[in-house]
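J.: Line by line, the protein sequences give chains Z and Y.
Oh and the first sequence: position 141 is 141 in our numbering, straight run, nothing missing.
Oh and the second sequence: position 270 is 270 in our numbering, straight run, nothing missing.
Just so you know, not all the hints are guaranteed correct.
Beyond 10 Å from chain Z on every Cβ pair, some chain Y residues (computed) [to be verified]: (1) Ile17; (2) Glu21; (3) Tyr78; (4) Gln333; (5) Asn348.
Chain Z is faced by these chain Y residues, among others (derived, beta-carbon under 10 Å) [unchecked claim]: (6) Val23; (7) Leu270; (8) Thr307; (9) Phe368; (10) Trp373.
Simulated crosslink set (PhoX-like; lysine-lysine; CA at most 20 Å straight-line) [claimed, not checked]: (11) Y:Lys363 to Z:Lys541; (12) Y:Lys376 to Y:Lys363; (13) Y:Lys44 to Y:Lys247; (14) Z:Lys541 to Z:Lys525; (15) Z:Lys532 to Y:Lys363; (16) Z:Lys158 to Z:Lys382; (17) Z:Lys219 to Z:Lys284; (18) Y:Lys376 to Z:Lys532; (19) Z:Lys63 to Y:Lys44; (20) Y:Lys363 to Z:Lys469.
Keep in mind that the hints were calculated from the coordinates and are not lab data.
In this text, a Cβ means the ideal position worked out from N, Cα and C, and glycines have one as well.
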Amino acid sequence: MAENIGRIVGVNGNLLTVEFSKPVFQNETAFALSNDLRLKSEVVRIRGDYAELQVFEDTRGLKIGDRLEFSQELLAAELGPGLLAQVYDGLQNPLSDLAEAHGFFLKRGVYFQTLDREAVWKFTPQAREGDTLSSGETLGTVPEGLFSHRIMVPFGLKGRYTVSWIADAGEYTVEQPIARIKKDKENERDVSMLQHWPVKIPIQDYSERLRPNQPLNTKIRIIDTFFPIAKGGTYCIPGPFGAGKTVIQQLTSRHADVDVVVVAACGERAGEVVETIREFPELKDPKTGRSLMERTIIICNTSSMPVAAREASVYTAVTVSEYYRQMGLNVLLLADSTSRWAQALREVSGRLEEIPGEEAFPAYLESVIAAFYERAGQVRLKDGHFGSVTIGGTVSPAGGNFEEPVTQSTLKVVGAFHGLSRDRSDARRYPAIEPLESWSTYPGLVEREQLKAAQSIIRQGSEIAQMMKVIGEEGTTLEDFVLYLKAEFLDRVYLQQDAFDPVDGATAAKRQTHVFDRLLFILNKALHFETKDEARAFFHKLTQAAVDWNRTSMDRDEFKEQEQALIELADEVADYA
Amino acid sequence: MRRIYYRIDQIAGSVIILQAENVAYGELARVTSTRGTSLAQVIKLEGGRVSLQVFAGSRGVATDAKVQFLGRPMQTAYSEFLLGRVFTGTGLPRDNGPEITETAIPIGGPSVNPMKRIIPKKMIRTGVPMIDVFNTLVESQKIPIFSVPGEPYNQLMARIALQAEVDVIILGGMGLKHDDYLFFRDRLEEAGAMSRSIFYVHTAADPTVECLLVPDLSLAVAERFALDGKRVLTLLTDMANFADALKEISITMEQIPSYRGYPGDLYSQLAARYEKAVDFEGAGSITVLSVTSMPGDDVTHPIPDNTGYITEGQFYLRNGRIEPFGSLSRLKQKVNEQTRSDHRTIMNTMIQLYASARESREKQDMGFELSAWDNKLLRYGDLFEERMMDLEVNIPLEQALDRGWSILAECFEQKEVGLPSDLVRDYWPGGEDRSQTSEVRGQ
Ligand SMILES: Nc1ncnc2c1ncn2[C@@H]1O[C@H](COP(=O)(O)OP(=O)(O)O)[C@@H](O)[C@H]1O
Ligand SMILES: [Mg+2]
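Chain Y extracted, bound-state conformation (with noise of 0.2 Å):
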């Protein structure tokens, strides 16, 4: 059996620091207290110095603590019985169910190589216009969305977990309201999804580092799911929360920060987290959706800009709707050419108008003289905005690009547009005879 020890030196911050003999680096302490035991890693060996991190913070540690060393790094389970359930940022039951012991796996483990990742090729649907025609979501991708707070963003993340076509959700909270908890919580339950999701959530009130270990547990777990063949979808908010305390923990341990306060390894922290996202030659795969929030909506904050470099693409969301400019989804190209032959035309087409449309919207506030055609592009910026950006709009993507041709046929002239003509043959709504174009377009 490991040592015991009943002396501490010093406490700062979450960490406490001990002398101790035959320690890992990594490895993980009980610590017990009056206050109760809490988890603790090894995050620094000096000598016979030996600094552990509390997970549930040093406050009322005493100095007689007792502190046992485990021997191995931090755990967590996988089992199918980990499905329905409800676990705190340390894996412990939050809900009433028992604790679940078995196969304890480890958690952030190493990375995929890259020779065995594939190129991801599978549309997830998701029911947004915003998302499904103009950026579409991709099997494997990581994504977040990028909000001021008080958007609907957990609203519009549990929508899109229901809508996706998935095996596994789960539901990694960081710094969670504990209303947006049970409002997952009870979205997923009306909707029957419950049964094939997992949720690990740290709340508000919860210890920080606690914060640190959800995106972990969640993405071992995922990995595992996905590895037995599930497709898995992780949810995880709010990232803004984890990196906040990832700065929180380095300043308390005097590490010199880079930029905005934050510490300079704050991309790579994200980064290892984020790149678990992967679609499994012969196997399942990890998608990850999460949130960060911005703070004063400024996407040069360090959170949304290190999240920017590392994710592929944003959904921005602001006053209620996906904002096409500034929302990018990197994998769309993978994915929309197979969807329907005028996706991608539409796409393009349709963002591009709509950026004209501003452009007039511009024009008429400054008071400037406006052109039919700029009034035309009004009217377009309207109908775009009331039919495809507003989130109540749920439709699958075929539907949706449909009503892009009717938006159009409804402001603008077949030729005003500059569209292929066979496209134009195809889907404009009251154009030519079906069965003629079908001859050109077979030659």
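Next up, chain Z with everything else stripped away, as it sits in the complex (with noise of 0.2 Å):
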């Protein structure tokens, strides 16, 4: 392969200009070399004989005639065993491995192998010599924490491949070959564990994408029950800062039933992803009683690792993400926060001087976010299997207001949306989503019926409390009080939920519709009260009923019990006449 060399010619912030004479492409991959250091970069721009490139790192020392060494390659992730329970920056550099070299702080130009290149994987073959396989299907199997870690034929081959060769049972590094396949004459070639494939290409190697008809239990009952989410479905979580979008997404890395979390740290705060690195290795999951790491990725790039780097790291993140899919996974990938690859696009846009859109954004942010979530999706594999890609994102608008680019592209193509408002979170009703304005298209947990009920109920106490601001208690009917002081209690004993405390923090699919079943049919209970200091002090009571049985386990006699009782509490102030 002939090295491609440019020379840089211009250097503004983090974008370069460079020379060049052989053959380029668009997002090809290069580094900036300049003394002793050697920076990542990839074209973004190719005019006449001058390309231009973003590096995804800080370009302090770079000088006029340095060299650019072209790699020919597109920005790609590594994949193969050993991705589960790793810490990687945006570029897939395992961080762990570069605090052991260089100490407390990030270090621009190294780079680490993404995988352990000496670790040793049990290889078990599933093919046999003269099986017939396309890419994506399955070579053999290695054991990867509590999953079989599918070796397959490499993603994007065409045609159809005959295996001529497969290793043996027995302990392989990833570099190692454990098969050879032929086509054809010309095309034969040595299959290991790892591959490499472009991140802002989608995994396309499965028989059929469907619809995300399987709900995904978050175990956050607001979510679950009124505006759910299904595995392969994408959703968006928008609210001004300190409405709880980080806590939310914690949550849902902690308690969401699928296999594998991959969590995307984008330009958000650096402690936050400190949590997650911290305290999963010590958390179990209840599910498979290991700890929460081993189905965890982190793929952090935090506010200030550099900016450039911010896109490919939810490139990876959604790559790696289809990768595990492709071994029939339900995999989540939630992102924090999309507005922060948003803004870098807009920074690298406004370098080129491209003409900007609304807030300065690019005009093609729209395409990109679309295209983003497009990747989402719940497939049949060609063996049969089922595998998904769910994708949360976070987005965080300037002001709070959504009306502005990233939040109002981001809405047109997720299939749920829950919009945490500041009224909420300054009220301490937590998870702060807004149950008037949120939505979803999927299909959840209880009868629409009764959702329907239910949302009734939240809509007409709110009208109710905004009558009352303007004509006081005083001049609000006694059955619209009630109404209202239904719509909180159910707000208070459902919709909110003490992320802190260890039984209501998460509520199971199970309990949720039973719960909900409950609260409705005491809620469908015509009540009588003969003032609104009555009906203000039952309900109080209910509540505090509802709260302590929110806080009691399902497997103890109690939860029973005060079941019964919060029953009989209605049925005390019952109107059966």
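Bring the two chains, given one by one in their own frames, into a single complex with the hints.
T.: Right under this line is the structure:
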């Protein structure tokens, strides 16, 4: 492979202008070389003999005339066994290796291998010599933590290949060949456990993409019951700062009923991802009894890490997610925050002096966001198994105003919208998902009719509350007042959830359907009161009892007793006339 | 030696452009003109054209000014002798002391590897109940005071700095009024804290570009002290001036603004500074307390808005008090479980009741009927403001919690406040016999 070297003729922030002579392609990666520096970069525009590149690192020290080595490759993710439980930066550098080599601080221009080259994996062949397979089909497996990790025919290969050799069961490193596959005379190649895949191109080696129809339970009641998400679906969480976006994502990363969680910490606080890094190894996944870290991959490019690598971090995260989906697993990608990635696009676009769109975001923002969320999906693999990638992204709108380009572009493409409101978070009504504005297009846990009834209570309650602000309690009828109290009750004991309580913090699907049904049963009763004070006192008691019930584990006898007590409480005031 | 140039092609805003060779991006130059000497930094390379941002601004720079490239990026001195001293935004002495040139350290260095960060766990006591009880400050936290101009934010900041148990205090002043600088100096001197403090002060009269250097100098030095095992408190006031300096410079450089005139990278620029707050495993820590003045008391203004997305909460100063609503310490739950068994409950209950008290006040203002409960709440609201929120109140956490109980007991019946019974037994003034209660709790 002939070297392709260009020459730096301009440096503007992290944007380089490079003169080149041999062919160069769009989005090709390259390394800027200066003294002992070697800085990874990516071609973002080509004009005549000049290529413009964004550098993924601080460019201090680069000079005019410095060399730039084109790699003749697209920015790619390294895929293979050993990704689980790791913490990577946006370019898939293992941060623990970096810490070991360079201590407290990140060091630019230092790139470690993503996967350990020495580690050996216990390979069990599955295909036999003479089998014909196509890309994405399984050659064999290695155990990786909880899963059987499939070693597959490399993605993107066209046509069918015959297995001309397959390794015996045994231990191999990721670089050792485990099979040889052949299409024809020219097309024969060794396959190892390791492959590289360009991050901006979706992996499509499956037989069919399906509509997301399986609920993905998060154990957050307002989500699972009211605004559900689905395996293979997409959703977004916009909200002003402090409204609780990150806490919702952290809870979801713990409790979601999926196989693998990929956390993309994109341009937000380092401290938040540190919590995950430090706590997950200690936390047990109740489903598997193993540490949560074993099912988690963290890709982090926090706010003070190089801005240009934010984009790479979300694409790397989605590529890794697609890879584990290919093993028949359900993967959840949580990106916090997609706005930071959009801002990184805006910075590059500004340096390229492109014609700006709204709020100076580039005109292509919308299509980039749409294409990203399109990579979610539920698929049937070539062997008939199912796998999915679900994408949930937070959005951080300027001034908390949803009428801005990133929120609006995202809302056009996602299947569920969990809008957080400042009013609710100020009132400590966590999780602060606004029940009157959020929506979901996915099927949920409870019957449609029941859900409608609950939503109608909440809507009417809110209207009455608005009225009451104007005409006072005395101007409100007793009937309306009771409806208002019902809505407040449902809000307090079902929509709100105490993230820090071990029981209330995570409500399994079974419990949700049961509790929801019981609460509606109570709320559907016609309740009779003589005065508003009496009604208020009753709902106060009822709320207290329901809150206690929420904090009682479903396996305990008290659960049934408290449920009974609630119903009896309601019966005392029920109007059977 | 590096080459020296005497021909400047273009001068605009704080930027000069000249033809020069073998210049590195980010490199420093010394620009000497009749009005004096200033440092300048390379901000753009375009073929042979070099753009330099002149720290002292371009006023008086002549086309034949002397430009000498120094072959290194911006640095500052790190030494024990910095303590007790006051410097400008470029690190030159502002007091009458000698210039310090020991150990030059780079500024604006790389960020900490997230693997090397630890979860913060030490409370910083301030004696302000609205902080200690309701929004506890934590070592290594980054938190601004949001405030309209005219509020006593610098007084609050100085007070917190003096009460906090830290080894080193670094004050970064941006666009600071000279009076305010003197206030900080006098206050720290009076309290005998000046000998563990370092000031980097850019005043409103100094060149804009120097304002941008203040956080970087302050934090670079803070970082070294922290690596040497010191607990450092960095005070940055006023970060709105920093953001406005960024805006001014980006506009003079004809960059397309993103929102209300501010550059698109405002978030990243602020984050690069605030994220320097850290607790190093096995060494010291940096806590960042800043002031962000809010134009027009508007939290959605780009400066407080971007700041809020970066910092770990905010103290919202309004009408001379820290507002319980709008204020948030995102790290409080890391520490308030270990302080005292009633801390979290008092925090939640008192705030909820205060929210209800405000609702009752609204009712009262609207002329609606008030219930007996409303009247109790009104009384509670007044006592809460007088005995907890007032910034004159200066008591340790434990005393503040006790005071919380006595306010509750003064206004309400035990059963009205819905507190867990074990806590009521332990803390309700004149409550049950304590020896009996501890037996119950000991089970
Ligand atoms: N579900 C919740 N339960 C309790 N407190 C919460 C919850 N969600 C958010 N909070 C509080 O709000 C703070 C900010 O939440 P966070 O998720 O970091 O906001 P955002 O990411 O939207 O800026 C948290 O530190 C916590 O104190
Ligand atoms: Mg967040």
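J.: Measure nothing beyond the straight line between the CA atoms of Z:Lys63 and Y:Lys44; if it is 20 Å or shorter, mark the hint as holding.
T.: Judged against 20 Å, a Cα distance of about 10 Å means the pair holds.
J.: Does Y:Phe368 meet its interface restraint, that is, does its C-beta lie within less than 10 Å of any C-beta in chain Z?
T.: holds (4 Å)
J.: According to the definition I'm using, a residue is off the interface if its beta carbon is farther than 10 Å from all beta carbons of the partner; does Y:Tyr78 meet that for chain Z?
T.: holds (16 Å)
J.: Would Y:Gln333 pass as off the interface with chain Z, using Cβ distances and a cut of 10 Å?
T.: At about 7 Å from chain Z, Y:Gln333 fails to clear the 10 Å cut-off, so the statement is violated.
J.: Would you check the hint for Z:Lys158 and Z:Lys382, treating anything up to 20 Å between C-alpha atoms as holding?
T.: holds (14 Å)
J.: Does the claim that Y:Ile17 lies off the interface hold, with its Cβ farther than 10 Å from every Cβ of chain Z?
T.: At roughly 13 Å from the nearest Cβ of chain Z, Y:Ile17 sits farther out than 10 Å, so the non-interface label holds.
J.: Need the status of pair Y:Lys363, Z:Lys469: alpha-carbon distance at most 20 Å?
T.: holds (8 Å)
J.: Does the structure keep Y:Lys44 and Y:Lys247 at a Cα separation of 20 Å or less?
T.: Holds. Y:Lys44 to Y:Lys247 sits at ~18 Å (cutoff 20 Å).
J.: Holds or violated: is there a CB of chain Z closer than 10 Å to the CB of Y:Leu270?
T.: Holds, about 9 Å.
J.: Y:Val23 was flagged as interface toward chain Z. Is the shortest Cβ-Cβ separation under 10 Å?
T.: Result: holds, 7 Å to nearest chain Z Cβ.
J.: Given Y:Thr307 was flagged as interface, is its beta-carbon under 10 Å from a beta-carbon of chain Z?
T.: holds (9 Å)
J.: Would the hint linking Y:Lys363 and Z:Lys541 be met if the CA-CA limit is 20 Å?
T.: Roughly 24 Å separates the two Cα atoms, so the pair is violated.
Violated hints, listed in ascending order, are 2, 4, 5, 11; each of the other numbered hints is respected by the structure.
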